[in-house]
Amino acid sequence: MIPTHIEHIGIAVKDLEKAQQYYEEVLGMKCYAIETVEDQKVKTAFFQVGQTKIELLEATAADSPVAKFIEKRGEGIHHIAFAVKDLAIRLKEVEQKGVLLIDQEPRAGAEGMNIGFLHPKSTFGVLTEFCEKREESV
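The working numbering puts the sequence shown at residues 42 to 179.
Derived by calculation from the structure, the hints in this document are not laboratory data. It is possible that part of the hints are untrue.
Each computed DSSO-like pair below joins lysine-lysine, with the alpha-carbon atoms no more than 30 angstroms apart [what the hints assert, rightly or not]:
#1 138 x 174
#2 94 x 138
#3 71 x 55
#4 55 x 82
#5 126 x 174
#6 113 x 55
#7 55 x 162
#8 59 x 113
#9 174 x 162
#10 94 x 162
Given the sequences, and given the hints that come with them, work out the whole structure.
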């Protein structure tokens, strides 16, 4: 299994609006999408940098994974996401190699992606996400 590219880097922030302002006014980047993912209790903002995206993550509830992350570790890099083909198969492959999974099966994420997270206990402390563009139903 070889990822096709780094899909995005997720950054946990307390205030999405302030963080977005930094990326736009200081770094000169343009936010191209803001989306709330209800089941993950998170609001996201996306920026494109070459082939890779930056995903800012703001918790929408105190019990969300992002809120817990910020409470424990503070703002900063939350995860790295790799684009893969055949996500469900990739998750099973890494699990067979001894990697602990957060997601046993793909689930819906932002930007029309199916996603699956690998547990940082198995990935040298880095929360790792696999992503695959959802196929549009015909």
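Going down the list of hints, with the structure as the test:
| no. | hint | verdict |
| --- | --- | --- |
| 1 | 138 x 174 | 24 angstroms, holds |
| 2 | 94 x 138 | 28 angstroms, holds |
| 3 | 71 x 55 | 20 angstroms, holds |
| 4 | 55 x 82 | 13 angstroms, holds |
| 5 | 126 x 174 | 9 angstroms, holds |
| 6 | 113 x 55 | 13 angstroms, holds |
| 7 | 55 x 162 | 25 angstroms, holds |
| 8 | 59 x 113 | 21 angstroms, holds |
| 9 | 174 x 162 | 26 angstroms, holds |
| 10 | 94 x 162 | 25 angstroms, holds |
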